[in-house]
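Position chain B against the provided structure of chain A, taking the given hints into account.
First to last, the protein sequences are chains A and B. So for the first sequence, this note's numbering puts the first residue at 2; every next one is plus one. So for the second sequence, this note's numbering puts the first residue at 2; every next one is plus one.
Mixed in with the good hints, there may be bad ones.
Stated by the list, open to error - Taking CB as the label site, the calculated pair distances span:
#1 203(A) with 248(B): 46 to 52 Å
#2 188(B) with 203(A): 32 to 38 Å
#3 6(B) with 48(A): 57 to 63 Å
#4 205(A) with 76(B): 37 to 43 Å
#5 20(A) with 66(B): 46 to 52 Å
#6 20(B) with 137(A): 35 to 41 Å
#7 80(A) with 244(B): 33 to 39 Å
#8 19(A) with 118(B): 29 to 35 Å
To be verified - Think about it this way: if two alpha-carbon atoms lie no more than 27 Å apart in a straight line, the pair counts; the simulated DSS-like pairs of lysine-lysine are:
#9 138(B) with 350(A)
#10 164(A) with 164(B)
#11 136(B) with 350(A)
#12 339(B) with 23(B)
#13 164(A) with 346(B)
#14 141(B) with 350(A)
#15 154(A) with 141(A)
#16 350(A) with 403(A)
#17 136(A) with 285(B)
#18 22(B) with 285(B)
#19 136(B) with 7(A)
#20 346(B) with 334(A)
#21 23(A) with 339(A)
#22 339(A) with 285(A)
#23 334(A) with 339(B)
#24 140(B) with 350(A)
#25 153(B) with 346(A)
#26 34(A) with 34(B)
#27 339(B) with 136(A)
#28 96(B) with 136(B)
#29 346(A) with 157(B)
#30 131(A) with 96(A)
#31 280(A) with 302(A)
#32 22(B) with 334(B)
#33 22(B) with 339(B)
#34 34(B) with 164(A)
Unchecked claim - One side only, chain B facing chain A, incomplete, derived with CB under 7 Å:
#35 87
#36 90
#37 177
#38 342
Just so you know, these hints were derived from the structure itself, not from any lab. We put the beta carbon where it would ideally sit given N, CA and C, even for glycine.
Chain by chain, the residues run as shown.
Protein chains: 2
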Amino acid sequence: MIERRKPISVGEAVQRIMEWKKYGDEEYVSIEKSDGRFLSQPLKADHDVPHFDRSPYDGFAIRSEDTDSCSNEQPIQLEVVDEIGAGQVSSFHLKQNQAIRIMTGAAIPSGADCVIMLELTSEAEKDGKKFITIKRKMKKGENISFQGEDAKKGDKLIEEGTKVNPGVKALLATFGYNQVPVVRRPIIGVLATGSELLEVDEPLQSGKIRNSNGHMIISQVERAGGVVRRYGQCEDHLEDVLKTVQLAVEECDFVITTGGVSVGDFDYLPEIYDRLGAKKLFNKIAMRPGSVTTAAVCNGKLLFGLSGNPSACYVGFELYVRPIIRYWLHQSKPFLAKGTAILQKDFPKANPFNRFVRSQLHYGEGGRLFVSPVGLDKSNVVTSLAWANCLMVLPGGTRGFKTGDLVDVLLLEDETGSDVPWQESKKSSKL
Amino acid sequence: MIERRKPISVGEAVQRIMEWKKYGDEEYVSIEKSDGRFLSQPLKADHDVPHFDRSPYDGFAIRSEDTDSCSNEQPIQLEVVDEIGAGQVSSFHLKQNQAIRIMTGAAIPSGADCVIMLELTSEAEKDGKKFITIKRKMKKGENISFQGEDAKKGDKLIEEGTKVNPGVKALLATFGYNQVPVVRRPIIGVLATGSELLEVDEPLQSGKIRNSNGHMIISQVERAGGVVRRYGQCEDHLEDVLKTVQLAVEECDFVITTGGVSVGDFDYLPEIYDRLGAKKLFNKIAMRPGSVTTAAVCNGKLLFGLSGNPSACYVGFELYVRPIIRYWLHQSKPFLAKGTAILQKDFPKANPFNRFVRSQLHYGEGGRLFVSPVGLDKSNVVTSLAWANCLMVLPGGTRGFKTGDLVDVLLLEDETGSDVPWQESKKSSKL
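Looking at chain A on its own, in the form it has when it is part of the complex:
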C-alpha cells in the first residue's frame, strides 16, 4: 500500500530540524592547524593594539611645538640625538630642537609628540653632529599610531563561532593564541544506498550508475565544517542497511543516508526508522528538488534521509544539514546567506512548489546582482552542480519567471551566513 505523504513547508521542515540542534564541545588546535575551524570562544583583546604609541612611518620623532614657526620659507634645523630601530626603545627624553630617527613600527620616544616622514626631511652633518631640516609645521599627534587605537584591552573582537580565515588568523597571532580554542567538528556518518550504485573505479554497466552522491556529500560536509565517517554504499537490502545505520547512529553525531527515501517498494527508510525506534520529523517537503527529503531522530541524534538524485541530495543537504552543522560550530548565522538578484534568463516552467534552482551569480554595474540558472533543472541532473555558486529560489504557486524579474538567491560560497533560514513568505506558504 502506498503511503500518501503530506508535504510540509520548507520553513516548517527547518524548524523541526532545528529543535534538535546541539552545541559542539571545545578542543584546542595549534594556530597552524586552525584554518577553516570555528572558534569556540569570542576572541577578546588581552592587551591594547598597538600596546604602545608607535610610528607608522620611517622618519623622525619630534616635538610639534618646535615647528610652530616653520614653513617652506623659514625652515628649521633639529639635532638628531638617537636612532630607534623597530623593536627598540630609546632611553632619550627628547628636548627642545631635538629629533630622533625612528623606523616604521618603533615606539615613540618620550618627549616626542609627532613623527615627520623621512621623505619630508633633508639630513646634514656639522661638527660631527647630525641635523635634519624641516620645512613644514607639524601638528601634535601627527603620524602617531596611538596605544589602543586599533583595539582596546577587553574589546570583543570576534564572535565565537567565527570561521578562521587569514584575517582572523592575524588576530589570533597578535593576541598570542599559539593554541586556539575551536569547536570539535561534528562527525557525520554517510551511507549511500541503492543497488544501482557502482564504486567510482568500477566500469559502467547497463542500469547502473556510479555513486556520485557519496563523494559529493563528503565535500559538502567538509565545506560546512564537519567531518565524515564513511559507511560506504549498501545494496537495497533492508537488514544490511538497518545494521549499518544502527552502527552509524552509535558512532556519529548525525547520520546521512542517500537514496531509499521515495515511495517505491524498495524505499525502506520508513521501515528502518520504525525498527530503530526513531521519531519521524517529516518525510515530504513542498519543494523541488528534494521533496522526498526525510528526517528522524534516534537516541537524540538526527538522521537525514536525502534523495538519491544528485541535485535533490545537494539541495537537501544545504537547506537542512548545513545549518545543523554550523549551529554545532557555534555560528550565530548558521543558514545560507540570502540575497536578491535580477534574473538574466527566462525560466518559463511553472512552480507548483518552491523551486531551488542551481544558478550562478554575476556582479554587475550599478550595485546590482544578477543570476542565471545553470544547466538543466531536473532533480536527477548532476552536471549543473559543478557550476552553481547559489541556489535561486522560485516560490511555490508562481508561474514562470522572466528576464529582469527579481528573485531570492541563497549563496553557497559566502561565509557570512544568515541568522534566519529562507522560508516561504505568507503568500507562497499557502500550499
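This is chain B only, laid out in the frame that chain A set:
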C-alpha cells in the same frame, strides 16, 4: 641618501608581475583528497549521462498509446508483467496493455515509452495476476530521463583550472575519476623580517609586537591554492636575511618576504635584490595601503616584498600574489572578481591614491549589493581584516565618498574570479 621612488599604477604593477607567470605541472590525487585542488585538464564526459533511458520516478513503465482513450471517466487496466529494481534490467519486451513496475533510477524496459508515477495508479489482483488502473492519458516520452539529456559523451563539462567543490566532485565520481588530474600546488617560501617581531607564544615586550603577518600569509596562500614553506622570522640583519632569501629562491616556486620594504635605513630589501642579482619590477605603487609593495625576479622566480603592516601586507597579497598562484593553477580567471556596490556609510577621507578598504558586503533587496568599510582604515590596523569579505576600491584623485555612492568591490570569498585585474580607469590612472 634616500631614494625618491616613483610610484606606478596598480594596473601597471599587475601587468609587470603577470609577465613572469608560470603554468604548474600535473599530478594525480585520489578523489578523496581532491577537495580544493585545481583540475589540470578539462573534464569531458566519457559517456552519455544518463547512459541509458531511466525512470526519474517510482511507477510503471507503460506504452503511451495504450492510454489514448483513457480519462477519469474511462479508466483502463494494464497487466503488471515484471518488476525492475534500481540497477536491474528487465528482459521483457512490453506488449499491448502491459505495464512493468519500475523504481527510481532504473532502466526503461524495451517497448515502454513513458512512466506513470506510482501515486497516480491503483493496484489490484485478479486470478493471481496483478493489474493497475490508470485514469489519465500519457504522452510519449513522459517521465523518462533520456540517455544523454544531462550530458553527451564528449561534452566538455568543466574547464581546466576549476577548483574542486562538492558539485565538481559529483561529476568526477560520475565519470570514474578515482584518481584526479590536478595541478601541483606552487610552493611559496614565506619569510617575515623585522627585529620587532615576537613569536606567537612569546610574551609582549615594549616596542615589540607578535608576528601576525607570517600566520596571515600562510592562510592567504592556502586560500589561494598554494602551499607554504616557512622560513620563520628574521631580525633585521642583512646577511641573515640575504642567506635565507637565497635558500628560499632555490627551494620554492615563489618567495614572499614581509617587512623591510620601506625607505628607512633598516629597509634593506633593495640591497638584497641587488646582491641576489634580481631584476626589480617595481618598488612603489600608487595605492593605499601597500604603496611600498615591491617585486623582483631572480632566476626567473618572482620575489614579492610585501609591507610589514598587516593591512598593507594583506592587500598586497590579494592584488599581486593571488593571481600568480591562480594562474599557476591553470585558472582562466585568476584575479579577484569585481562587482559594484552601494556604499552604506560615509567615507569622508580624500583619496590621493587608489584606496583598497577592508569592507563587508551585504546582499539587500531589489537585487542590490551594499558595502560598508569595517574598522579603522589605516595600513597598520589588524582587527578589520578579520571582518572583511571584500575590498572596496576608491579611485585615486577622488574626494570623500558618501552613503549611496557606487563603488567597485573586489570579492575575497568568491571562487568565480575575473579574467581581468582591477585597474585604474582612464580618468583615475592619471596620477
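Hint check:
At roughly 47 Å, the beta carbons of residue 203(A) and residue 248(B) sit within the given window of 46 to 52 Å. Separated by about 36 Å at the C-beta atoms, residue 188(B) and residue 203(A) satisfy the suggested range of 32 to 38 Å. Restraint check, residue 6(B) to residue 48(A): a C-beta distance of roughly 35 Å breaks the suggested window 57 to 63 Å. As the Cβ distance of residue 205(A) to residue 76(B) is approximately 39 Å, the hint placing it in 37 to 43 Å holds.
Checked against the hint of 46 to 52 Å, the pair residue 20(A) and residue 66(B) passes, with Cβ atoms roughly 51 Å apart. Checking the proposed 35 to 41 Å range against residue 20(B) and residue 137(A) shows it holds: the Cβ atoms sit about 40 Å from each other. Judged by the Cβ atoms, the range 33 to 39 Å given for residue 80(A) and residue 244(B) holds: they are separated by roughly 37 Å. The supplied range of 29 to 35 Å is met by residue 19(A) and residue 118(B), whose beta-carbon atoms lie about 32 Å from each other.
As the CA atoms of residue 138(B) and residue 350(A) are separated by approximately 21 Å, the hinted pair is consistent with the 27 Å bound. Of the supplied pair hints, the one linking residue 164(A) and residue 164(B) holds, its CA atoms being roughly 20 Å apart against a limit of 27 Å. Taking the CA atoms of residue 136(B) and residue 350(A), the gap is near 25 Å; set against the 27 Å cutoff, the hint holds. With a C-alpha separation of about 23 Å, the suggested pair residue 339(B) and residue 23(B) falls inside the 27 Å cut-off, and the hint holds.
For the hint pairing residue 164(A) with residue 346(B), the CA-to-CA distance comes to about 26 Å; that is within 27 Å, so the pair holds. At most 27 Å may separate the alpha-carbon atoms for a hinted pair to count; residue 141(B) and residue 350(A) meet this at roughly 20 Å. Restraint check: the Cα-Cα separation between residue 154(A) and residue 141(A) comes to about 25 Å, which is no more than 27 Å; the hinted pair holds. Proposed proximity of residue 350(A) and residue 403(A) is supported: the alpha carbons are some 10 Å apart, at most 27 Å.
Only pairs whose Cα atoms come within 27 Å are accepted, and residue 136(A) paired with residue 285(B) is accepted, the gap being roughly 24 Å. Only pairs whose Cα atoms come within 27 Å are accepted, and residue 22(B) paired with residue 285(B) is accepted, the gap being roughly 20 Å. Restraint check: the Cα-Cα separation between residue 136(B) and residue 7(A) comes to about 22 Å, which is no more than 27 Å; the hinted pair holds. At roughly 23 Å between alpha-carbon atoms, residue 346(B) and residue 334(A) fall within 27 Å of each other, so this suggested pair holds.
Straight-line distance between C-alpha atoms of residue 23(A) and residue 339(A) comes to about 23 Å, which keeps the hinted pair within the 27 Å bound. Straight-line distance between C-alpha atoms of residue 339(A) and residue 285(A) comes to about 24 Å, which keeps the hinted pair within the 27 Å bound. Taking the CA atoms of residue 334(A) and residue 339(B), the gap is about 25 Å. The hint holds against a cut of 27 Å. Proposed proximity of residue 140(B) and residue 350(A) is supported: the alpha carbons are some 18 Å apart, at most 27 Å.
A hinted pair counts as satisfied when its Cα atoms are at most 27 Å apart, and residue 153(B) with residue 346(A) qualifies at roughly 23 Å. For the hint linking residue 34(A) to residue 34(B), the alpha-carbon distance of about 17 Å falls within 27 Å, and the restraint holds. Straight-line distance between C-alpha atoms of residue 339(B) and residue 136(A) comes to about 42 Å, which puts the hinted pair past the 27 Å bound. Annotation: proposed proximity of residue 96(B) to residue 136(B) holds, straight-line Cα distance about 19 Å (limit 27 Å).
Under the criterion of a C-alpha separation no larger than 27 Å, the hint pairing residue 346(A) with residue 157(B) is consistent with the structure, at around 22 Å. Distance restraint check for residue 131(A) and residue 96(A): the Cα-Cα separation of roughly 15 Å lies within the 27 Å cut-off, and the hinted pair is therefore satisfied. Under the criterion of a C-alpha separation no larger than 27 Å, the hint pairing residue 280(A) with residue 302(A) is consistent with the structure, at around 10 Å. Restraint check for residue 22(B) and residue 334(B): the C-alpha separation of about 13 Å stays at or below 27 Å, so the hint holds.
Pair hint residue 22(B) plus residue 339(B) holds up; C-alpha atoms about 21 Å apart against a cutoff of 27 Å. Of the pairs offered as hints, the one joining residue 34(B) and residue 164(A) holds, with about 22 Å between alpha carbons and a cut-off of 27 Å not exceeded. Taking 7 Å as the C-beta contact cut-off toward chain A, the hint placing residue 87(B) at the interface holds, the least distance being around 4 Å. Hint on residue 90(B) holds. Least Cβ distance to chain A is approximately 4 Å, under the 7 Å limit.
With a cut of 7 Å, the hint placing residue 177(B) at the interface with chain A holds, because the nearest CB-to-CB distance is about 6 Å. Proximity of residue 342(B) to chain A holds as hinted, the smallest CB-CB distance being about 5 Å (cut-off 7 Å).
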